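Asker: Could you build all of it, start to finish, from the sequences and the hints given here?
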Amino acid sequence: MAGEKRDDIHPFFVYSISIASDQESSGFFVRNEGVSFPYHGQWAEDELPCILISFPKGFQVNVEDEKGKYYMYEDIRDHKPLTYAFFDEIRDSIKKKTKPLRFSALDADAMKEQKPSVRISHDAMHELSQSWIFSKYGLVIHGK
Numbered sequence: 088m089a090g091e092k093r094d095d096i097h098p099f100f101v102y103s104i105s106i107a108s109d110q111e112s113s114g115f116f117v118r119n120e121g122v123s124f125p126y127h128g129q130w131a132e133d134e135l136p137c138i139l140i141s142f143p144k145g146f147q148v149n150v151e152d153e154k155g156k157y158y159m160y161e162d163i164r165d166h167k168p169l170t171y172a173f174f175d176e177i178r179d180s181i182k183k184k185t186k187p188l189r190f191s192a193l194d195a196d197a198m199k200e201q202k203p204s205v206r207i208s209h210d211a212m213h214e215l216s217q218s219w220i221f222s223k224y225g226l227v228i229h230g231k
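With the first letter of the sequence shown counted as 1, position 5 gets the number 92 in my numbering; the numbers rise by one all the way through.
Take these hints with a grain of salt, some might be off.
[As the list claims (entries may be wrong)] Straight line, CA to CA, 27 Å or less: simulated DSS-like cross-link-like pairs of lysine-lysine:
no., residue 1, residue 2
1, 183, 202
2, 182, 156
3, 144, 183
4, 186, 156
5, 202, 223
6, 202, 144
7, 202, 184
8, 144, 182
9, 199, 186
10, 202, 182
11, 144, 156
12, 144, 184
By construction, these hints were calculated from the structure, which means they are not laboratory data. Predicted model, so just to flag it, every value in this text is computed and none were measured.
Answerer: Here you go:
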């Protein structure tokens, strides 16, 4: 089974970016994702590829009391301030160079504007609007 090629399975990679200093060590994740969209009353068989950069909002703290052992989450900024600041800087830099992706399909059942939580540069937006997937599904970019 592992050696068989399957057209309906796409590789999913998760990259860990480690941050280490004298004060703390932590990291965040980068992984490929897909943006689904409606087509003729159902989800299209293809997805728009994108990359997700993530950093957890909570920091797990192990606790023990008379009830036993358990854990709770506290604000990551209190526990990993340097990593959070670096992630915040990367996020702000991306926001300065991109804008939210907005598109719709010409399909009458899917005229509603799609608003995924994806940001895209002007050049990438132009390339995407000329791509095979936009032609195949009749997708239209909004806010060029």
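Asker: Each hint: holds or not?
Answerer: Hint check results:
1. 183 <-> 202: holds, 19 Å
2. 182 <-> 156: Violated: residue 182 and residue 156 sit about 41 Å apart, past 27 Å.
3. 144 <-> 183: Holds. Residue 144 to residue 183 sits at ~22 Å (cutoff 27 Å).
4. 186 <-> 156: violated, 45 Å
5. 202 <-> 223: Given pair residue 202, residue 223 holds - Cα atoms ~20 Å apart, limit 27 Å.
6. 202 <-> 144: holds, 23 Å
7. 202 <-> 184: holds, 18 Å
8. 144 <-> 182: Given that 27 Å is the threshold and the Cα spacing comes to 19 Å, the pair holds.
9. 199 <-> 186: holds, 19 Å
10. 202 <-> 182: Holds, because 16 Å separates the two Cα atoms, which is no more than 27 Å.
11. 144 <-> 156: holds, 22 Å
12. 144 <-> 184: holds, 24 Å
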